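As a plain string of letters, each chain reads:
Number of protein chains: 2
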Amino acid sequence: MGELLDNVNSPADLKSLSVQQLGTLADEIRQLILDSVSKTGGHLASNLGIVELTLALHYVFDFTKDKLLWDVGHQCYPHKIVTGRKAEFAHLRRAGGISGFPNPTESEYDQFIVGHAGTSVATAIGMALGEELTRQKTEHRTRATSDERRATNKIVAVVGDASIVNGVSFEALNNLGLVKRQLLIVLNDNSMAIDPTVGAMAKYFSRVRLSQTYEDLRDTTRKILEHLPGIGRSVEEALERIKKSIRMVLPASQMFESLNIPYFGPVDGHDIGSLIQLFGALSQLKRPAILHAYTKKGRGFKPAGFEPSKFHSTGPFKMNGDEAEPTVATSKRTFTTVFGKRLAELAEKDKRIVAITSAMCDGTGLLEFRKRFSDRFYDVGIAESAAVDIAAGLAKAGARPIVCIYSTFLQRSFDQVFQEVALQNLPVVFCVDRAGLVGSDGPTHHGLMDIGFLRMLPNMVLTAPANDTEVRLALEFALAQDRPVVVRYPKDLVPSREFVRAACSKPFRLGKSVVVKKAKGSAIAIVSYGSVLAEALKAANSLAKQGIPADVINARFAAPIDEQIIALWGEGKSIITVEDHNLACGFGSAVLELMTTKAAHGRKRNALRVLGAPRELIGHNSRSSQLMEAGINADEIVRTAKEMLAGQRPVRSKPRGRRPVRGRQGR
Amino acid sequence: MGELLDNVNSPADLKSLSVQQLGTLADEIRQLILDSVSKTGGHLASNLGIVELTLALHYVFDFTKDKLLWDVGHQCYPHKIVTGRKAEFAHLRRAGGISGFPNPTESEYDQFIVGHAGTSVATAIGMALGEELTRQKTEHRTRATSDERRATNKIVAVVGDASIVNGVSFEALNNLGLVKRQLLIVLNDNSMAIDPTVGAMAKYFSRVRLSQTYEDLRDTTRKILEHLPGIGRSVEEALERIKKSIRMVLPASQMFESLNIPYFGPVDGHDIGSLIQLFGALSQLKRPAILHAYTKKGRGFKPAGFEPSKFHSTGPFKMNGDEAEPTVATSKRTFTTVFGKRLAELAEKDKRIVAITSAMCDGTGLLEFRKRFSDRFYDVGIAESAAVDIAAGLAKAGARPIVCIYSTFLQRSFDQVFQEVALQNLPVVFCVDRAGLVGSDGPTHHGLMDIGFLRMLPNMVLTAPANDTEVRLALEFALAQDRPVVVRYPKDLVPSREFVRAACSKPFRLGKSVVVKKAKGSAIAIVSYGSVLAEALKAANSLAKQGIPADVINARFAAPIDEQIIALWGEGKSIITVEDHNLACGFGSAVLELMTTKAAHGRKRNALRVLGAPRELIGHNSRSSQLMEAGINADEIVRTAKEMLAGQRPVRSKPRGRRPVRGRQGR
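Top to bottom, those sequences are chains A and B.
My numbering numbers the first residue of the first sequence as 1 and each following residue consecutively.
My numbering numbers the first residue of the second sequence as 1 and each following residue consecutively.
Don't read these hints as lab results, they were simulated from the structure.
All values derive from a computational prediction rather than experimental measurement.
One or more hints might be untrue.
Since the list gives no way to pick one copy over another, a pair counts as held whenever it fits inside one copy or between any two copies.
As the list claims (entries may be wrong) - In silico EDC-like pairs for lysine to aspartate or glutamate, Cα to Cα no more than 20 Å straight-line:
id: 1; residue 1: 302; residue 2: 3
id: 2; residue 1: 286; residue 2: 375
id: 3; residue 1: 517; residue 2: 13
id: 4; residue 1: 642; residue 2: 257
id: 5; residue 1: 180; residue 2: 375
id: 6; residue 1: 203; residue 2: 257
id: 7; residue 1: 341; residue 2: 375
id: 8; residue 1: 203; residue 2: 236
id: 9; residue 1: 538; residue 2: 219
id: 10; residue 1: 244; residue 2: 108
id: 11; residue 1: 244; residue 2: 226
id: 12; residue 1: 39; residue 2: 325
id: 13; residue 1: 573; residue 2: 108
id: 14; residue 1: 349; residue 2: 132
id: 15; residue 1: 506; residue 2: 571
id: 16; residue 1: 286; residue 2: 237
id: 17; residue 1: 351; residue 2: 66
id: 18; residue 1: 341; residue 2: 307
id: 19; residue 1: 296; residue 2: 132
id: 20; residue 1: 642; residue 2: 362
id: 21; residue 1: 223; residue 2: 6
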């Protein structure tokens, strides 16, 4: 760690440093981030770019009482480092270590657990309104004199150029007029989402950016500081003066002006001295305002600067001169890479196929597709709602859209999937990546609810491939349907060859499961949905060794449910369902529902148990540890099977992980 | 019906009319709408305002091949009248009659079933991209010569000033650059959502509107027509000319210009002659553009013009001079009015309470609250996502926000409820109105999924009052919790006194049900969630008369589920759960899930059956008919109870309604 950084244990320690020292500190922080992330993996480029901005914010504001709201939140590493968490960086995103996102349970300096984009301005509006309300109430109750009155806490929302075009951001900006007090929005413009930002506003920002020299930025800063409202001068007056004194017509401000938001900028987001002055002056405004700052993603690290997409979120790597080499082999086959390859093959034959993603081209495995079929590829930026509506329109016009969005972000499109797709019965295919537990990104990114919110929809078919072969079969099936189909798969490697069974090579048929293992004399059937088939087979092998024969069924569909699964019950078999999803509303729940309408009369001694994740949060950790914690693995299947055969009432054999988890409702 | 309207049976019949005749026809259509809606109820004011715009669109375009997309869709009555559905207006929104929203199964002139706001631009983008794709494919395949090439179908999206500020609209506008061909957006600006539109853009539009005289509008129209691009002249060039020739600085266009969208207007949306010329000219543009037209909500009907909020959606009424009097008494007590009254009482005592709604102040019963506590009331416009985030910020700052959104529109906030509220465990109260089947608005408006998508969330408590008393108790309970709570209730009258039982007067305790009726010797327990308790009691009475004793339990909570309900099973009772929600993922499903983890060993001959709505669509109809169709009523409970006691496998005793419905999975 650097010399200055050694002595920075809280934001208060920044206040005694000179601007020059702060600059040196910024470099030391960048070095710490590089050292840590190269070992642990994590979000790199955005954090390298936001160091100076973060230092200036903490220098000017006092975030023990002022409130700092991050958008998306993965750019909070410098913030974590100066708010007492630098020592924990060795365990970033690892079990027991700090999270890669803001988290109020870690620090009083964090307000919200975030991970999804576009929320900082809206939550900041709420906090500003709430602070005023509770302040007035306090004053009223204590009959405070004007001296005693609690000072207004300042509120700062930091939002990136990729997030500000999200629908929620826009709705918030349109409602910023609700706030009649200070609220500073810092627009951190690095011209990038994970990929270069797209859409009209991004183009607009880029045009302005290209026209600005370093001198222009300094000039703008000077003019803003010169003209900022002093006593008796209004914001409007100041804005007029600033506009007149800056040669350009402030094109980037048009958007904000039309929404009646005072706009200041653009300024250099790496010039700490100026930022400190700007924040100091703008914090005095008695109304919301926006400061537009340019930063460079991946600043100070050549590979990240050249390839910010690659180093947006990275695994461990080591430096070799100016090159960064991954230390973990990335050639392994994941569901995502297999999907990307299969989709490109299918698109070659079927010209109606188009792919749509929301700022996740690489993450959803579409790089090859984009390269080969650029005229059939649409990236709409962080705009999941519009992505689904555009897909609905495409399907209506005869195309075959494939929507590629992570499970957790598809939650942003629930209503669009309902009204614009399912209600119309349009043939849109949703390829839901990161379905299930996601590992080191943690709770904001788990995809544990998609089966639930999608299986309620009319016309919707839900399927999940269990391995490489089934990814292709599921896609082929989905594209052959004349209705909406969801294909879900996890952030994981495809199971190794030993689990690829002949049964999984049969073509997918609507609502039909396949029997993967039939054990002679079995009293138990393990019914798995999706990639957890590997765990089901492992469990069955383990049970077989213990003299307990168990069948294994690959359900393939969560909607419609195969009635053959219910028939097993009629045959007197006990059933264990397994899925990488919330226990509530999941695949197992769908089996239970069908059972009550078909054969719910408990005439036999057989039983049914549902394995899935609890409602409680499962923190960042390795995916395999999370599956163990949630009780979605072979060991838990074996334990459950033995318990069922013993006819016991379910009791926990031993605690798993740190929290009591499975099967509890509503705690 | 008017003389001209008599002869209009399809849009083709308009083409022979003069502009003057079209004006007369507009008045005849208004008269038909007034006559019909005064008898059937429906959306009135917006439809009276959009007649001329609709006629001009159908005069210029040929929507047998061109595509017309409505936003929200409740303003489609004039469109339905000229597209062959005028005779059906006597049965508007009634069983077997036409729907109050666009519906492709009714007419080839309708593209999407819509009812939610903000989707027309996004779906239009998709259709424009899809049409190009399929056109190219066709040309490629047929090796068409340039003469033979299929003409480009025009695409028109109509969007209101209240819908265009929705996040989805903005995301779509930001992505309009994807389209490299004609796409006309008509901004129908009547300065109103259901209530006057709010937010910065609305204020902006209003300012411009107030500054415009009728002469200004005519002048703008003339200038647009003069300068519109002819052969060899670009849109950009034309826009420059138009800007220069119109005296104002086109302030309303700033927003669209910053998004690089050619903007034309504002123009008079009631001047048919000019509209025809404008649509004719603008339809020739080879790129997306926006035309901004002013219309008057409630035009031609004095009461609706004066009070457009009241006549946005109305029940039957009769005219008395210039006054309209409701023909159905509106003094009856609904869950909504009871909620509004109770909330105002609580807000009087607890100054931390704030109410937030998204353009639904009246609909969610907040009129009194707004009047009495205007400084604690926030209407954010049609921006459900931002509404929830603002509530999250308010709760974080110590306020007690009550979010009032219809169940179907809360789908727009699913991800915000998840990340910004549930994950943070913030004390936000969601008062979910229109939960369950909604009657005449039909499929886009049913609230059949809220239990499912909300009960998967961490920390979330789900409760539902069964009657008037319980509305107050549930609210008091919700406000006393230090975590998020959902209170759901239907669009219905509160049950009459005979169903108000003493058990329902007990205070709500977290996760505790109440026994409403204990029948001696009962082998069956009917467990209801929410307002369907009335049906459960009716069923129990009916069963008692037939010599079948049945207990009735008011579950009160869907998360957490009361383990006492599971205990009934242990006592050997058969259970029937009833809820006004989708059978999938609902309350009954939660009971099943808990049961498998607690006492799933079918040792006894008892059974469990879940009653809820099917995934299939339930069309517009009276709410009671819909409940019958869905099998959520006393008759169905009785039938199920008798079937269970007979130990039969479930068979349908008789068909209900027109469709086979209940309990089928995935069809």
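So, going through the hints one by one against the coordinates:
Proximity of residue 302 to residue 3 under the C-alpha cut-off of 20 Å is found in neither arrangement, the shortest distances being 23 Å within a copy and 77 Å between copies. Proximity of residue 286 and residue 375 under a CA criterion of 20 Å is satisfied inter-copy only: 18 Å between copies versus 48 Å inside one chain copy. Taking the shortest alpha-carbon separations for residue 517 and residue 13, neither the intra-copy value of 64 Å nor the inter-copy value of 67 Å comes in at or below 20 Å. For the identical chains of this complex, residue 642 and residue 257 are neighbours neither inside a copy (67 Å) nor across copies (67 Å), given an alpha-carbon limit of 20 Å.
For the identical chains of this complex, residue 180 and residue 375 are inter-copy neighbours only, at 12 Å across copies versus 47 Å inside a copy, given an alpha-carbon limit of 20 Å. In this homomeric assembly, residue 203 and residue 257 come within 20 Å of each other (Cα to Cα) both inside a single copy, at 18 Å, and across copies, at 12 Å. In the homo-oligomer, the alpha carbons of residue 341 and residue 375 lie at most 20 Å apart inside one protomer (18 Å), although the nearest pairing across protomers, at 56 Å, exceeds that limit. For the identical chains of this complex, residue 203 and residue 236 are inter-copy neighbours only, at 17 Å across copies versus 28 Å inside a copy, given an alpha-carbon limit of 20 Å.
Taking CA atoms no more than 20 Å apart as the test, residue 538 paired with residue 219 passes in neither setting, with 67 Å inside one copy and 77 Å between copies. Taking identical chains as interchangeable, the C-alpha atoms of residue 244 and residue 108 are never at most 20 Å apart, the minima being 42 Å within one chain and 55 Å between chains. Only within a single protomer do residue 244 and residue 226 lie at most 20 Å apart by alpha-carbon distance; the minimum there is 12 Å, versus 34 Å between protomers. In this homomeric assembly, residue 39 and residue 325 come within 20 Å of each other (Cα to Cα) only inside a single copy, at 12 Å, whereas the closest approach across copies is 74 Å.
In this assembly of identical chains, residue 573 and residue 108 lie within 20 Å of each other by CA distance neither inside one copy nor across copies; the values are 53 Å within and 51 Å between. Proximity of residue 349 to residue 132 under the C-alpha cut-off of 20 Å is restricted to the inter-copy arrangement: shortest distance 19 Å between copies versus 61 Å within a copy. Neither within a single protomer nor between protomers do residue 506 and residue 571 lie at most 20 Å apart by alpha-carbon distance, with minima of 25 Å and 46 Å respectively. Proximity of residue 286 to residue 237 under the C-alpha cut-off of 20 Å is restricted to the intra-copy arrangement: shortest distance 14 Å within a copy versus 42 Å between copies.
In this assembly of identical chains, residue 351 and residue 66 lie within 20 Å of each other by CA distance neither inside one copy nor across copies; the values are 55 Å within and 23 Å between. When the C-alpha separation of residue 341 and residue 307 is checked against a cutoff of 20 Å, the pair qualifies neither within a copy, at 23 Å, nor between copies, at 59 Å. Taking the closest pair of Cα atoms, residue 296 and residue 132 never come within 20 Å of each other, the shortest separation being 36 Å inside a single copy and 38 Å across copies. Taking the shortest alpha-carbon separations for residue 642 and residue 362, neither the intra-copy value of 43 Å nor the inter-copy value of 57 Å comes in at or below 20 Å.
Taking CA atoms no more than 20 Å apart as the test, residue 223 paired with residue 6 passes in neither setting, with 37 Å inside one copy and 68 Å between copies.
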